[in-house]
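I would like the entire structure built from these sequences, with the hints used as guidance.
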Amino acid sequence: MTSTRPLDRFRSSGLLWPLVAIVVLLAANAVVRPSFLALRFQDGHLYGSLIDILKNGAPTMLIALGMCLVIATRGIDLSVGAVVAISGAVTCSSIVGAAEPGSAGAAFVGMGTALALCAVLGLWNGFLVAGLGMQPIIATLVLMTAGRGIAMLITDGQIITVRNPTFRTVGAGFLVLPVSILIAVAVFVLVALVTRRTALGLLIESVGINPEASRLAGLRARTIRWTVYVFAAICAGVAGLMISSNVSAADANNAGLWIEMDAILAVVIGGTSLAGGRYSLTGTLLGALIIQTLTTTVYSMGIDPKITLVFKAVVVIAVCLLQAPKVRAALLGRTRRRHAPPDPEAEPTARQGTQTPTEPLVEKVAQP
Amino acid sequence: MTTTATPAKEKGLLGTLAGGRSIPGRVVPVLATFVLFVLLFGVGAGRYDGFTSGQVVANLFIDNSFLIVLAVGMTFVIVTGGIDLSVGAVVALSTMVAAAGLGAGLPAPLVVLLVLAMGSTLGLLMGLVIHYFEIQPFIVTLAGMFLARGLCFVVGVQSISIKDPTFRSIATASLPLSANVSITWSVVIALAIVAVAGWVLHRTRFGRTAYAVGGNENSAMLMGLPVARVKVGVYVISGICSATAGLLFALYMLSGYGLHAVGMELDAIASVVIGGTLLSGGVGYVLGSLLGVLVLGVIQTLISFQGTLSSWWTKIAIGTLLLLFIVMQRVFMRRQP
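Quick note, the sequences are listed as chains D and U, same order. In case it helps, the numbering used here puts the first sequence at residues 15 to 382. In case it helps, the numbering used here puts the second sequence at residues 490 to 826.
Hints were generated in silico from the structure; no laboratory data involved. In this text, a Cβ means the ideal position worked out from N, Cα and C, and glycines have one as well. There may be inaccurate statements among the hints.
As the list claims (entries may be wrong) - Selected chain U positions facing chain D (in silico; Cβ < 8 Å):
#, residue
1, I624
2, A632
3, R638
4, G639
5, L640
6, V643
7, V644
8, L755
9, K804
10, G808
11, L811
12, L812
13, I815
14, V816
15, M817
16, F821
Claimed, not checked - A few chain U residues that don't get close to chain D, going by computed Cβ distances all over 12 Å:
#, residue
17, V517
18, V532
19, Y537
20, Q544
21, N548
22, G633
23, F635
24, A662
Below is the structure:
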């Protein structure tokens, strides 16, 4: 058993299926269109379908990262789509209203204002959830409902177009790779370092398992929950900058529409349980990539992009069923009989109550 | 969730008002909604000529008949502690199926049956997955939402107008209530559904079990109540209500389109919450949800009478009200023993 340990650990990390999914999707694309995997170097920039997937997926990746930490504390943030719209609206209206709308200064002031406002919105969500103790789905529903109205108020109901080279860099610029990818990767590395090289990740998970117990154990559970909502809102703000910069316009009605769903989907596909207490950043990243690859595949197969929603629905259900404790128990029950003597601890009957168990049954089977 | 909702006792709103000495906390939000409705209406009556005319009130019902039906279905789901995000998409799918079916020359009654069957099947599937695989309702109905919206575009990406004479005559018929007030068939259907739903939720075994499941599912199970049937049943009810609302919406717009009713699930949830139903389950009234819809309707009417106010204020107003009512619910629920 010892020799297979790294493989087992990989299996238990829950990254196997997302990876398989992405490889299958890429292979299907490569079969339909052999040029799909090709990358070319032009004017010092890298181009190709794979790069496009990364570039278009960058906003979802960022939002999913923020969402992942929120979900790890057993929360959810439905307001990110509205925050995306507000962020774009604030930046564009600030740039248009500046003395020199084309200058770098105007762009930085606009983006700074937008991100500051997003942080405030995150504080607001955190206040409702951690301060007043509301259910997260309800607390963030308030901003989800009102947020687009606020964005419309900021843009006065118009689609504001801007011409600012500095601002355009965020979403459409290149630094060998598209700048948006670099930003998303930088945030990912930063989050991974902060949560996995310090105890913060562990603390977040413990808050997700039981906020009250964590507080009694001496954790600042409230501050931690508050922080993850602020972080999620800032991530959504940066994603909003990317989206509006990519089209050089702020569309309060449609920017980031349904992106909260994509982000939640990415987190769930990546193996993070919606019950909180356990999360995977790499899984989330893979989840976001799967969604973007799926969308791109539908495009490249020549199907109407609106039908993507059907494919997404099928994926969500399939992934949820695979993660469902009952299905897992059934599948694992079979493997266990084949490979190892029955382990009383891994019996599904050991669970109590109807709450979804946060610990995967796989781990118990995998480790000898 | 640490707050334990007390299972609602079989005591109607009127019963508590007439017989009870103190008003229980869970009725206060409904009363508050009613007071809010009267206040908002009073503001309108004070500021604008013609606001108090009977037709303005009738229009509240005419323009929101589909939302009333949606909110009624949503009440059942939320009372059991679940949530249904798919309702807006099912409304769109229903308009699409109805329009396409009528366009293909199917008779109107068959189309209605087809749409209702589709809605209840979708609800049944979601309910089964939620209950038997123990997946959160939120994520299952989210998938249902994606599926229904996607299916809309499978049926067709363009808007399809409804030319069927039966549908058109039902849509344009007006039922005079008095000399200058008239309503449509949609209002009659919506109010009939409110009455039936109120009876089912407050007066039958099914309704009592729904409250018990919302109060504490484990206890309900240990008491030997048919938890599975009720938990799946509420999603079927919500599916049928969404399909009916879709038919009413098709009558209202006389067209089917995949982007109809975007975000309507939020309006439905907001109405239910403003109507005093507790999102953690166990407490709620069908009448409250009707009042919740009317409050949203009055806000919209106020904004359209004002004319200068932009329509996005509606969204901000709904968000603010949502917040107010959730905070109020917490305050009143905490005071209860």
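Given a cut of 8 Å on the nearest C-beta pair, is the interface hint for A632 (chain U) held or broken against chain D? holds (4 Å)
Does the closest beta carbon of chain D sit nearer than 8 Å to the beta carbon of V816 (chain U)? Holds. Min distance 7 Å.
Verdict on Y537 (chain U) as a residue remote from chain D, using beta-carbon distances over 12 Å: holds (23 Å)
Does the interface hint hold: is I624 (chain U) within less than 8 Å of chain D, judged Cβ to Cβ? The hint holds - I624 (chain U) has a Cβ within 8 Å of chain D, the shortest such distance being about 5 Å.
Taking 12 Å as the cut and beta carbons as the points, is F635 (chain U) off the interface with chain D? violated (4 Å)
Far enough from chain D: is every CB of that chain over 12 Å from the CB of N548 (chain U)? holds (23 Å)
Evaluate the condition: distance from the CB of V517 (chain U) to the nearest CB of chain D exceeds 12 Å. holds (18 Å)
Interface hint check: G639 (chain U), Cβ to nearest Cβ on chain D, cutoff 8 Å. Holds or violated? Where the cut-off is 8 Å and the nearest Cβ of chain D is about 3 Å from G639 (chain U), the hint holds.
Closer than 8 Å between Cβ atoms is the bar; does G808 (chain U) clear it against chain D? Give me holds or violated. holds (3 Å)
Beyond 12 Å on every Cβ pair: is that true for Q544 (chain U) relative to chain D? With a cut-off of 12 Å, Q544 (chain U) remains clear of chain D, as the shortest Cβ separation is near 28 Å.
Confirm or reject: G633 (chain U) is not an interface residue toward chain D, with every Cβ-Cβ distance exceeding 12 Å. It is violated; G633 (chain U) is separated from chain D by about 7 Å at its closest Cβ, not greater than 12 Å.
Is the shortest C-beta separation between R638 (chain U) and chain D less than 8 Å? holds (5 Å)
Checked against the numbered hints above, the structure violates hints 7, 15, 16, 22, 23; every other hint is satisfied.
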